[in-house]
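Since each chain comes alone in its own frame, lean on the hints to assemble the complex.
Letter by letter, the chains look like this.
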Amino acid sequence: MTGLAFWRRRRPVPPGGRRLLVPFTNGELDPVVLRAAIRISKVWDATLVPAYLIVTPLGFNLDSPMQAQVAQAVPLLEAVEHAGLRAGLPVDARIETGRSATHALQRLWEAERFDRIVVPAPTVRGHGFTPKELQWILMHAPYETMILRPDPELDEERRAAYSLEAVAG
Amino acid sequence: MARGHYRILVGMAAGVGKTYRMLLEGRQAQDQGIDVVIGYLEPHDRPETAVLSEGLEVVPRLRTAHGELEFEEMDVDAVVRRAPQLALVDELAHTNARGMRHEKRYQDIADVLDAGVDVISTVNVQHLESLNDAIFELTGVRVRETFPDRILDEADEVVLVDLSPEELQERLRAGKVYPRERAAVALENFFKQENLAALRELVLREVAEDVEARRQPSALEPLSKQAVAERILALIEPQSKSQRILRRAWRSAQRLGAEIDSLWVRPRGYEPTAEEAIQLAALRRLASVLGIHFLEEDGDDLVEAVGRVAGERGSTYVFVGTPDERRRVEILRGSLLSRMVRELPGLDIRVVADRALREEHGL
Chain A
52 MTGLAFWRRR
62 RPVPPGGRRL
72 LVPFTNGELD
82 PVVLRAAIRI
92 SKVWDATLVP
102 AYLIVTPLGF
112 NLDSPMQAQV
122 AQAVPLLEAV
132 EHAGLRAGLP
142 VDARIETGRS
152 ATHALQRLWE
162 AERFDRIVVP
172 APTVRGHGFT
182 PKELQWILMH
192 APYETMILRP
202 DPELDEERRA
212 AYSLEAVAG
Chain B
108 MARGHYRILV
118 GMAAGVGKTY
128 RMLLEGRQAQ
138 DQGIDVVIGY
148 LEPHDRPETA
158 VLSEGLEVVP
168 RLRTAHGELE
178 FEEMDVDAVV
188 RRAPQLALVD
198 ELAHTNARGM
208 RHEKRYQDIA
218 DVLDAGVDVI
228 STVNVQHLES
238 LNDAIFELTG
248 VRVRETFPDR
258 ILDEADEVVL
268 VDLSPEELQE
278 RLRAGKVYPR
288 ERAAVALENF
298 FKQENLAALR
308 ELVLREVAED
318 VEARRQPSAL
328 EPLSKQAVAE
338 RILALIEPQS
348 KSQRILRRAW
358 RSAQRLGAEI
368 DSLWVRPRGY
378 EPTAEEAIQL
388 AALRRLASVL
398 GIHFLEEDGD
408 DLVEAVGRVA
418 GERGSTYVFV
428 GTPDERRRVE
438 ILRGSLLSRM
448 VRELPGLDIR
458 VVADRALREE
468 HGL
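As given, the protein sequences belong to chains A and B, one line each in that order. Mapping to this note's numbering: the first sequence position 65 is 116, numbers consecutive. Mapping to this note's numbering: the second sequence position 64 is 171, numbers consecutive.
Incorrect hints may have been included.
Stated by the list, open to error - If you anchor each label on the Cβ, the simulated ranges turn out as follows: (1) A:Pro-182 - B:Glu-149: 48 to 54 Å; (2) A:Arg-90 - B:Asp-269: 52 to 58 Å; (3) B:Ala-460 - A:Met-197: 31 to 37 Å.
Stated by the list, open to error - Derived, one-sided and incomplete: chain A residues facing chain B with beta-carbon distance under 10 Å: (4) Thr-107; (5) Pro-108; (6) Gly-110; (7) Arg-158; (8) Ala-162.
What the hints assert, rightly or not - Covered by chain A, per the in silico footprint, the following chain B stretches (three or more residues, Cβ under 8 Å): (9) 299 to 313; (10) 349 to 361; (11) 381 to 392.
Think of the hints as simulated: they come from the structure by calculation, not from any bench. Yeah, the Cβ is synthetic: ideal placement off N, Cα and C, and Gly gets one too.
Same shape as in the complex, but just chain B (with noise of 0.2 Å):
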């Protein structure tokens, strides 16, 4: 049976209008003669929503009890059992009560959709895992119910739905998002100016790059890729003398308009010291700011290595430090440089220069 369609509807925080839209594109699907039901709807006590509710069919929710408190989930054997062709549930990221079959929703959602069903869903970007702790120094607030980056990798469409901070802020002063005793404090909150306009930067950016990430396989093929980008590929090691192959790589980045890509070879078995680990993590932090990736590979023939990395990436430029070989080994084993050289054809190999040996040359 093949996988339901995945629409996730993407916010930047409450209020924005996500679960609004998801019911409008669900009466519009029902317009058009499409099976539409909610498999759940988070009770947000809102008029436009209800309002916009009516008329679609709900499936019965699962109720569960753990002392006095009874929860309210949703049923997804009864959704699957249901057949319908599209499903709206709300908050993917919601974490469901003690003793249901899936800790999250969004793991009943992958249920749903291998059942063949077509599901709408929304989330706020602040659970998206990987943000949590841009969320937390942000707002103060750790986020709790978290979802994993590649359930939007894997979705079929991510949706933007977008509210500026001051309409948001309007519609919460209105008591269109929470009653207006809760909304005060909200304001004062979660609910800050500086607070959404940081979180819509973030939501913006996320979209754009699930944008970016879609278009790129489909688009380019990886042999066309290496026909029209250039892409550096920088040599290092953990010393301190590779931050300057980075930023070299970075200047001439620059100019190619060329994407970088940072490469260690850690001989295999290899345990990095103290020093290199800080070294390491110094190297990492740098090519961060960059916005160089930074790769690691086990390997004992550093050219070979190079090779595969290069294929797999599209790498046209080999920047590399200058070799610090023994001469016997250039002796017995040929030097580095001419390995490349020979065994890396089609690549433009580039030796960064040791500054301090020009000076010591009185070039």
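Chain A on its own, in the form it takes in the complex (with noise of 0.2 Å):
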């Protein structure tokens, strides 16, 4: 019986279900855009889906291994992962190339379907997306759009105790 009940209590997220992309890129995502994102995937009932974006150089192929930014990608997206299961939330990660953010970021909502898009302002520390990127996807996001912007006043030590392992639980 216990076996049976372990089953029934999975509920997976249905194919169908609706879909919250935070993209991020440069090796950090805010954590007060992320408990943002948190909240408001919580209030739709939709799956987080952290994309962490990789800018390939034109050397290489666009598919190319891309083992140093990979490095700082994945224990992030556990992090982010983390934090939204912690918060009971669904959460789907994905790792996505392009020339530019802004290249992957297409690339990525090109090849699957999301409903909304929550993305991070520029930081005071140089995170998040530049002025032109956030006006480029306002102009082309086939998906209602939101643009977080973390408390410009959140000083150091505040922003410390909202660090990311601090999120995480």
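Rendered as structure tokens:
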């Protein structure tokens, strides 16, 4: 009976369920943005899709192995995945490559369906998408798009308390 | 008759000195008493190569005309009849004029090799078929004259003729590659510094991979390979949760210094749904970026297929997701994991947990 109960408790996300895409790049997803994305996903009852965008230099094929960037992306995605799961959300992480962050994003939404996109705005430390990229996303994204700006007043000490590990639980 | 020895001189672009090197090697061979002929030399009008070709016998070319245009190609039959020990044949990716026996020069070279004649030939990396898209992205130039990658694989030797981008640009400016008026245009287009740097990187990688490929089979037999290296086989399905299996396998591979293969065992005759096709494409892309070999095998028995592939690839670890089996199937056929443990002796098996279950159970 334990086995049966075990299987019943699994609630796989239906393939047609809502999906919230949270793209990020440059080795960091601002924890404030992540918290907000998790809250939004919960409210919308959506699967959280964190996507790390890798910029492939011109000298390489688009699908070339990118060991150094992957080494940044994989642990970060796992931390985000963990944070989402602890909040009770289904998480479906992605890594995508492109000649630029926006090209990678375009490749991602051309290949898969999403319902909404949450994009981190630039932070004081230079992470997040640039204003030019944000403008491009707003003009070209085929989905409803939200740009989240981390609290500009948040000082380093408070930001440390919001670190990804803290969010992850 | 034993096939001739095939040596290919490969460079990043025109002007690095491939033809010069080919002629130099031809002259050195001749000085050692070897019977050498020039099967075909591209008429680049470069004084250095013209001087070097003096004293080497040239097999007359075959002439053909199309309308008012006249073409000259290598006369394969004449080279074979002449039966030298070594033939020098420039530009293996060249497309022959219509009416020749073969469409491409590398096919002519194959005939010469089959006749037992050794061949030294030249080519630029941009002609390699598998790099065609990359070259187009890099330079904006779609190279029409390509040759299959297997030509490099089948050659006995692939030798890099290298020059720094700065040196090549200097040679262009000095008019040593093209006439000066043409060189100026070339320097602003295909021969830009960034293009040459990228092309050089491509050719260096290509030759390095060739060296690696040649080293492995002779140095390590499959059994000894198993003994010295870990190799992970990650079992996937066309579902998004398999992305996590690939990422977990990648992390473990970093610690183990292991190569990774991923395997989808497709039931015979099964056609993936549209959703599965999307997931498969996403998995393929992820596998590429992580440097994972993506394998697909047809089979109705997962464990049997895994055993076969693990044997062929020398796998030491199998990564599998949390099985989603029905209890009834488990009772009737035995659980998948039990079968794997029983039927894949000598393989470590690791189950990649579904984190969502952990949260559900409050762990």
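Hints versus structure:
Under the hint 48 to 54 Å, the C-beta atoms of A:Pro-182 and B:Glu-149, about 52 Å apart, fit the expected range. In this structure the hint that A:Arg-90 and B:Asp-269 lie 52 to 58 Å apart at CB holds, the actual value being about 56 Å. The hinted window of 31 to 37 Å between B:Ala-460 and A:Met-197 holds, with their beta carbons roughly 32 Å apart. The criterion of a C-beta within 10 Å of any C-beta in chain B is met by A:Thr-107, whose closest approach is roughly 8 Å, and the hint holds.
Annotation: interface hint on A:Pro-108 holds; nearest CB of chain B at approximately 8 Å, less than 10 Å. For A:Gly-110, the shortest C-beta to C-beta distance to chain B is roughly 4 Å, which falls under 10 Å, so the interface hint holds. The criterion of a C-beta within 10 Å of any C-beta in chain B is met by A:Arg-158, whose closest approach is roughly 8 Å, and the hint holds. Checking A:Ala-162 against chain B: minimum C-beta separation of about 6 Å stays under 10 Å; hint holds.
Counting residues of the stretch 299 to 313 of chain B whose CB lies closer than 8 Å to any CB of chain A gives 5, so the stated coverage by that chain holds, three being the minimum. Given as covered by chain A, the stretch 349 to 361 of chain B passes the check, having 6 residues with a CB less than 8 Å from a CB of that chain where 3 are the minimum. Coverage of the stretch 381 to 392 of chain B by chain A holds [criterion: at least 3 residues with CB-CB distance below 8 Å; count 5].
Hint compliance for this structure: no hint is broken.
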